[in-house]
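Engineer: Starting from the structure of chain A, add chains B and C where the hints point.
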Amino acid sequence: MNAYDYWSIFQGSFTTVGVSLAGVLVGLPLGLCLALLRWAQMPVSRQIAYLYVSIIRSCPAVTLVMLIYFGSPQIGVSLSPLVAAMITMAVTASAFSSEIWRSSLLAFDRQQYDAALAFGMPRFTRVWRIVLPQIWRSSLPGLINETTMLIKSSPAIAVIGMVEITRAAQRVGARTYDPLPPLMVGLALYVVIIFALVRLQRRLELSGNRLEPIQ
Amino acid sequence: MSYDDFILVWQQYPKILEAFGNTLMLIVISGSVSMMLGIFLTPMLMSRRKAISLSVSVYCESMRCMPFLLFVYMIYFGLPSAGIQLSNWTTGIVALILYNAAYMAIFLRGAWQDIPKETIEAGRAYGFYGFKLFRRVIMPLMLMRAIPMVGNQWVQIVKDSAFLGIIAVTELTAAMNSIQSTNFIPFASFLSAVLLYWLISLVIELVTSLFTRYAQVRRT
Amino acid sequence: MTPPENAEQTSSTSRASRVLQLQGISKSFADNEVLKDISLNVDRGQVLCLIGPSGCGKSTLLRCINWLETPDAGRVILNGQRFGVHKSGAKMRDGDLARMRSRVAMVFQHFALWPHLSVIDNIMASPLHVQHRDRQEVREEAIALLEKVGLADKAEMFPSSLSGGQKQRVGIARALAMKPELLLFDEPTSALDPMLVGEVLGVIRDLADEGATMVIVTHEMEFARQVASQVIFMSDGHIAEAGPPEEFFAAPKSDKAKQFLARFHQHLKARSAPAVER
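Note that the protein sequences, when read in sequence, are chains A, B and C.
Taking the working numbering as reference, the numbering of the first sequence is continuous, increasing by one, and the terminal residue is 215.
Taking the working numbering as reference, the numbering of the second sequence is continuous, increasing by one, and the terminal residue is 220.
Taking the working numbering as reference, the numbering of the third sequence is continuous, increasing by one, and the terminal residue is 278.
None of these hints come from the bench; they were simulated from the model.
All values derive from a computational prediction rather than experimental measurement.
Where a beta carbon is used, it is the ideal one built from N, C-alpha and C, also for glycine.
One or more of the hints may lead you astray.
As the list claims (entries may be wrong) - Within a straight-line C-alpha distance of at most 20 Å, the following computed DMTMM-like cross-link-like pairs (lysine to aspartate or glutamate) qualify:
{"hint": "1", "chain 1": "B", "residue 1": "K132", "chain 2": "C", "residue 2": "D96"}
{"hint": "2", "chain 1": "B", "residue 1": "K132", "chain 2": "C", "residue 2": "D94"}
{"hint": "3", "chain 1": "B", "residue 1": "K117", "chain 2": "C", "residue 2": "E187"}
{"hint": "4", "chain 1": "B", "residue 1": "K117", "chain 2": "C", "residue 2": "D94"}
{"hint": "5", "chain 1": "C", "residue 1": "K36", "chain 2": "C", "residue 2": "D72"}
{"hint": "6", "chain 1": "C", "residue 1": "K148", "chain 2": "C", "residue 2": "E137"}
{"hint": "7", "chain 1": "C", "residue 1": "K258", "chain 2": "C", "residue 2": "E247"}
{"hint": "8", "chain 1": "C", "residue 1": "K87", "chain 2": "C", "residue 2": "D72"}
{"hint": "9", "chain 1": "C", "residue 1": "K148", "chain 2": "C", "residue 2": "E210"}
{"hint": "10", "chain 1": "B", "residue 1": "K117", "chain 2": "C", "residue 2": "E69"}
{"hint": "11", "chain 1": "C", "residue 1": "K253", "chain 2": "C", "residue 2": "E222"}
{"hint": "12", "chain 1": "B", "residue 1": "K132", "chain 2": "C", "residue 2": "D121"}
{"hint": "13", "chain 1": "B", "residue 1": "K132", "chain 2": "C", "residue 2": "D134"}
{"hint": "14", "chain 1": "C", "residue 1": "K179", "chain 2": "C", "residue 2": "D206"}
Said to hold, decoys possible - Far from chain C, some chain B residues (derived; all Cβ distances over 12 Å):
{"hint": "15", "residue": "E18"}
{"hint": "16", "residue": "M25"}
{"hint": "17", "residue": "T90"}
{"hint": "18", "residue": "G151"}
{"hint": "19", "residue": "A168"}
{"hint": "20", "residue": "N177"}
{"hint": "21", "residue": "F184"}
One chain only, chain A, in its complex shape (with noise of 0.2 Å):
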């Protein structure tokens, strides 16, 4: 192995860092949404949101950004591998996040809420100001589980084209005939890029407890 191979598997891990970066950048959020539908109990949005969740969830990466990819143009949209892989793990952020969110939400005390309510103030500045705080602490270490499960599902979006660590080292494999040291090396990346996670989680973790005053 030479420089430029180091550096092609290197290469790859922007790409896995941006796709699952901008996935869950996305899906987070939309998560977010979806859990505080069905906590709201809002009545067809909630069975939709139930429904996304669950199929998102047992589908596996491969066949999701495949149907994503190939399947668009047919519903009239043209989208090229690097959005269509983004697109697969934003979708799939947030059908993840949206269980973790969920059982914040559900331990939440709803006291809390309804003092908020009693209070007058508007929903969505209950919502900001009140719940999320607090559930955003308590779902943190499953939103980093469930981002670590997602770069290691990352590996999908080579099958539309999208060089990524696995496929770079496999690559690099494939053309020097020795295909072990390559794979060692995207082992190496992908252990850092998830220490480095962990890291980011205690660090959070650790501002946030600097912010609560009163136990």
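Structural biologist: Here is chains B and C on its own, set in the frame of chain A:
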């Protein structure tokens, strides 16, 4: 895209059925074997002998750090350099088993540690020890606590099975891909696949809830 | 009874009826010395009640008897056989230890029933799988024991559907099914609602009347006064006072015992003591 597309897809039902059957077989075999392997590994994780617990722990943690496809490539492309050449089917099953057994072992260990200490201590006080203690006291309680996590892991296996299409295993997604590419009906094909996967996971959920009901009255 | 002896019995008749001997038991957890050179004896048919303030080490002492805690020093001798160590001095391995443990049955403060087994399976588990007795015989005995503790109709139910008092009675039946040489009770009623304490104490009292050899750690002073043949009061890890209940409760000798009983009598005035059901 119209209903005709779906009809076209399902006209290929022999192919779909065969691929669906393959996927089911992959899931059932690897799910049950990885569960048994997980049950076997968990006491090793809890072992007081550092050599054993450390090595099993390293194995489990490394599986948790890597994507499934990377692990598949290591076995499929990497092992031949050590002289072991596995077919794509064998690679698929071995990878699914080894990968998921690690996850099973980790949360089974968590379930074990959740068992109230007094319950296990009573087992010791009444003369149970070693394998007998594990089999009669620890294992049933550990498994019942872990039912939702085991069910979840089975769903994970369903999803990981789709990666095997990349190494040319004729599972469901790969079959649907070949159908859609020859008939230009991608949306209907893949949507059918998504719904079939959904069906499998609903069955898993049903079985999980049956087991949960069984375990309900047998909990602490 | 005279203060505990340290030498082994020489008289053969006394040796035959000496079920339990503790000699010089000491135990520390980290820097904390929990038991300091404890020695005591229990003869067949005797009921020994261990009482004392929280943290005095009585539960730890009980758990040393069946080697759930390993003493740092001292011997536990069950009917002439040493617990945990072979005659040669070698440490007992799991199998031998388990065999010795099956001769002593313990009743736990938090019941410690096996939740995945039905009531009758809980009772039959150890006789079947540890003592390897005949299934039919064990089952008949289990049913008889359930009748004895008044729970015959609950045989196929699971512990999760029982009340605390019922669980503890199952725990006692489970202990008796082992046909033990010695019964150990670790604060059997401490985790129970006051309403349910009486039903359990009644069962234990019946066992005492039938001549079972028991060591009971308890906070129930009135019960101890009625049931014990010997009371040992522990404080700070050693035996502060020992004697028959009539002597101890009526006229305690040591200051610590006096303090303890005074507090207990005050506490009695604050609430009425549970009636021991006959």
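Engineer: Which hint numbers doesn't this structure obey?
Structural biologist: Hints that this structure does not satisfy do not exist here, as all of them hold.
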